[in-house]
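Following the hints, complete the assembly by docking chain S onto the known chain X.
Here's the letter readout for the chains.
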Amino acid sequence: MASLDDLKKTFFDECDEAMQQIEIGLTDIRSGEGNDETVNAVFRGVHSVKGGAGIFGFEQLVGFAHVFETVLDGLRNGSLSATSDNLDVLLSASDVLSDLVQMSRSGQEIADGFGAEVRSGLEQIIEQGGGGGHGDGDIAPADFEGLDFMPVAVDLDEIAVDAPTALGQNVYEITFRPKAEMLKKANEPLYVLRELRKLGELELTANSDNLPALTDIETDVPYLWWHATLRTEATREQVDEVFEFVSGDCDLTIEDRTPAPVAMPIDVPAAMSMPTIDAPPLAPEMPAAKVEAKPAVAAPPAEPAAAGGAGRTKPAATTTRIELDRIDRVVNMVGELVISQAMLGQIVQDLPETTSMRLIQILDEVAHHTRELKDSVMSMRAQPVGSVFQRMPRLVREVAAKTHKKVRLETHGETTEVDRSIIERLGDPLTHIIRNSVDHGVEAPAARLAAGKPEEGVIRLSAEHRGGRIVIEIKDDGAGINSERVLKIAREKGLVGPDAQLSEDEINNLIMMPGFSTAETISDISGRGVGMDVVRSNIQDLGGRITLKSVRGQGMTIQLALPLTLAVMDGMVIKVGTQTYVMPLSAIVECLRPSRGEISALIGTHGMLQLRGEFVPIVLLGDLLGIGSSAAANSERVVIITDTGEGSRIGLVVDELLGHQQVVIKSIEESYGAVPGIAAATILGNGRVAFILDVEKLSELAVHIPVTNNATMKAAQPALN
Amino acid sequence: MPVAGAIKVLVVDDQNSVRQMTRMALEEIGFRHIHEAENGVQAMETAAVQPLDLIISDYNMPEMDGLGLLRAVRGHPVARKVPFIMLTGRGDRELVVKAAQAGVNNYLVKPFTSAILRGKIEQVIGKLS
Numbered sequence: 001m002a003s004l005d006d007l008k009k010t011f012f013d014e015c016d017e018a019m020q021q022i023e024i025g026l027t028d029i030r031s032g033e034g035n036d037e038t039v040n041a042v043f044r045g046v047h048s049v050k051g052g053a054g055i056f057g058f059e060q061l062v063g064f065a066h067v068f069e070t071v072l073d074g075l076r077n078g079s080l081s082a083t084s085d086n087l088d089v090l091l092s093a094s095d096v097l098s099d100l101v102q103m104s105r106s107g108q109e110i111a112d113g114f115g116a117e118v119r120s121g122l123e124q125i126i127e128q129g130g131g132g133g134h135g136d137g138d139i140a141p142a143d144f145e146g147l148d149f150m151p152v153a154v155d156l157d158e159i160a161v162d163a164p165t166a167l168g169q170n171v172y173e174i175t176f177r178p179k180a181e182m183l184k185k186a187n188e189p190l191y192v193l194r195e196l197r198k199l200g201e202l203e204l205t206a207n208s209d210n211l212p213a214l215t216d217i218e219t220d221v222p223y224l225w226w227h228a229t230l231r232t233e234a235t236r237e238q239v240d241e242v243f244e245f246v247s248g249d250c251d252l253t254i255e256d257r258t259p260a261p262v263a264m265p266i267d268v269p270a271a272m273s274m275p276t277i278d279a280p281p282l283a284p285e286m287p288a289a290k291v292e293a294k295p296a297v298a299a300p301p302a303e304p305a306a307a308g309g310a311g312r313t314k315p316a317a318t319t320t321r322i323e324l325d326r327i328d329r330v331v332n333m334v335g336e337l338v339i340s341q342a343m344l345g346q347i348v349q350d351l352p353e354t355t356s357m358r359l360i361q362i363l364d365e366v367a368h369h370t371r372e373l374k375d376s377v378m379s380m381r382a383q384p385v386g387s388v389f390q391r392m393p394r395l396v397r398e399v400a401a402k403t404h405k406k407v408r409l410e411t412h413g414e415t416t417e418v419d420r421s422i423i424e425r426l427g428d429p430l431t432h433i434i435r436n437s438v439d440h441g442v443e444a445p446a447a448r449l450a451a452g453k454p455e456e457g458v459i460r461l462s463a464e465h466r467g468g469r470i471v472i473e474i475k476d477d478g479a480g481i482n483s484e485r486v487l488k489i490a491r492e493k494g495l496v497g498p499d500a501q502l503s504e505d506e507i508n509n510l511i512m513m514p515g516f517s518t519a520e521t522i523s524d525i526s527g528r529g530v531g532m533d534v535v536r537s538n539i540q541d542l543g544g545r546i547t548l549k550s551v552r553g554q555g556m557t558i559q560l561a562l563p564l565t566l567a568v569m570d571g572m573v574i575k576v577g578t579q580t581y582v583m584p585l586s587a588i589v590e591c592l593r594p595s596r597g598e599i600s601a602l603i604g605t606h607g608m609l610q611l612r613g614e615f616v617p618i619v620l621l622g623d624l625l626g627i628g629s630s631a632a633a634n635s636e637r638v639v640i641i642t643d644t645g646e647g648s649r650i651g652l653v654v655d656e657l658l659g660h661q662q663v664v665i666k667s668i669e670e671s672y673g674a675v676p677g678i679a680a681a682t683i684l685g686n687g688r689v690a691f692i693l694d695v696e697k698l699s700e701l702a703v704h705i706p707v708t709n710n711a712t713m714k715a716a717q718p719a720l721n
Numbered sequence: 722m723p724v725a726g727a728i729k730v731l732v733v734d735d736q737n738s739v740r741q742m743t744r745m746a747l748e749e750i751g752f753r754h755i756h757e758a759e760n761g762v763q764a765m766e767t768a769a770v771q772p773l774d775l776i777i778s779d780y781n782m783p784e785m786d787g788l789g790l791l792r793a794v795r796g797h798p799v800a801r802k803v804p805f806i807m808l809t810g811r812g813d814r815e816l817v818v819k820a821a822q823a824g825v826n827n828y829l830v831k832p833f834t835s836a837i838l839r840g841k842i843e844q845v846i847g848k849l850s
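Sequence lines, in order, name chains X and S.
Our numbering numbers the first residue of the first sequence as 1 and each following residue consecutively.
Our numbering numbers the first residue of the second sequence as 722 and each following residue consecutively.
Just chain X, with the same shape it has in the complex:
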């Protein structure tokens, strides 16, 4: 049986769902998308929190939820109206309720006056509507005082006689008296009764009147006989079959006592109707899953043994809760499986071709299944981003209130799914970006009106799957980045040289440099020393990419492109010198072996590759990683064009491409520490450890390694000839 703590945990999980329901509902109502059912859903959400909180003894939660609920009840029955002022109070109330839930969950002491302001706001609304329906949040009495209600007593036996069965069941009265012949033929009455029991619910009385004293008992004489009432969906024929082999050797009576079918009263609405043998058509609003289950109830089952089985009394659940730890364990095992399978592939490759042909075929299948298994397990861990998005409306409200701005948040694609590990680490960067958008992006109402924009700013938060990644976009219609000011500050802080020529985009990206903060007044909202650089490194730690676009006067768009999972990824295995590395496939644009004429020397660079009319800077990966040049034949070398995420590309020169492989990501930061340019490690098919490269970081390093006498270019050029 579940412990009280388990139940509390269940309750708080339900609270999270309810809070989401409340928040979404209120937002919908505010934006004019709500209807009666929306109000009902919000009411039910608050009601659930209140009900559970009462049972588990969270009195402050109950008290607040009660006042909140009263207002919603007023909205529901029309005694109160959903004015914009009232909705503001309700939204604040949902924030307070959410805080109370969190505090109750963590066992925190809740101060007496917590949320008092909002509470009095709610009480004022109740007064507008004429005092509301019911009293304050005192402890529940066992009975409503002064209510003229008398419990209606019932005799259970009477019910049993009156309604012996559920619909579709037959009742048989059976007497069964075995004769001596039956035992002589080695037929056991017990087995017959057991068979009978399988048909349904059996009430069995043994009659032992004929039983002699122990000393007089003869072993081959049946002294006992039975009277049985069988409630079953089985037909008379099926009951007869049970006695088929013994009917000649016993006295048997079977009487059909099935009650005559009672007509369905006309006033029962269709949705409430019961499945009967001549059931009316199901109401269209019945969910499909339930419709499927119905025929089994109406028609006698083909397998009589299944009748009365406990499994059928409860409709099949479509979801089940599983502890995350268990799923994580499966994910880890799948990871190991991917490695083992890669090792197996390696061994098979080394076998003589005659032996390996069939093995390779089978191995291909195993690889296919492993991939599918991986995908299914990953989808189990996937969660909709809505759980992170859900926290944002409140944030926008709070920051907008503090900065005296009017901001509306629109969200799209909340159902887009991504691995839980990503979701968990998405909250902070997203919070920061949105906070920035409200605080720095969207202008004050007066400034907006002066610029010919609507008073209310809009921040659009959206998510979608794109090319095996999840792309999250935060777009505001604010002032955009003041690039002159950004450049000025960057120069003052020495982040860029005094005469560096930067494009508009490059300037805008400076705001993500460490130590950059442009807010003229450091507000207590955004300016706490953590800036966009932290956001950027958070996203990069996740294997993601952040891009920023800004149009002066029109707003800013920040795009986060993240992998769908952190456990397994598609990689390109490459060789540099004697070392093997893995490069994330998602970072690779193309691989090529350029001819001599396509490489140009350009002062201040490591070399430029001319690619379809565009110049791409190149750098030797061996130099970047500090392992020196390779031993491989120069003509074998390959340039991998990678996308650095800021719109510019870079070519990394490597010795050899060994092939594409799914690799399991193993963090090295936990056991060793962060190494610039190295994202993680993995185990290859040959059992050796290889590093997974952090391409973005490498590109940054490439820009910063000094160019001395064009040494790199000279080294690269023969390599590419």
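Don't read these hints as lab results, they were simulated from the structure.
Some clues are possibly wrong.
Listed next, with one range per pair, are the computed distances between beta-carbon atoms [what the hints assert, rightly or not]:
no., chain 1, residue 1, chain 2, residue 2, range
1, S, Pro783, X, Arg552, 43 to 53 Å
2, S, Gly824, X, Met333, 54 to 64 Å
3, S, Met722, X, Asn210, 28 to 38 Å
Being a predicted model, the structure only gives us computed values, none of them experimental.
C-beta atoms are modelled at their ideal positions from N, C-alpha and C, and glycine is treated no differently.
Below, chain S alone, put in the same frame as chain X:
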């Protein structure tokens, strides 16, 4: 005298935590045959295949609420006499009047202790042994 262990009871509530708490209270009293349903529709599906001696249902549920369930039960050819106890919030006074009109046997204000639950059940089906 009815025996708690022999009574088939159905607990209807959309909140799993509340269902489990009610179940715990019922088990404490001595009930052994406890079925659960998440809303009125599920409850009626259960009643279709499972003879019941007692229904304890929450009022506020999606799909079909407690009052809807009560009316469906009372209109049902077989289950119509099954005793029905409605769980209500402390503010649902008017609801009790409606439920009484619809034929509820008793009501119970949440939150409750197992002793109160027992008392409410006994008021309906007699002293439990």
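*Which hints, by number, does the structure contradict?*
No numbers; nothing is violated.
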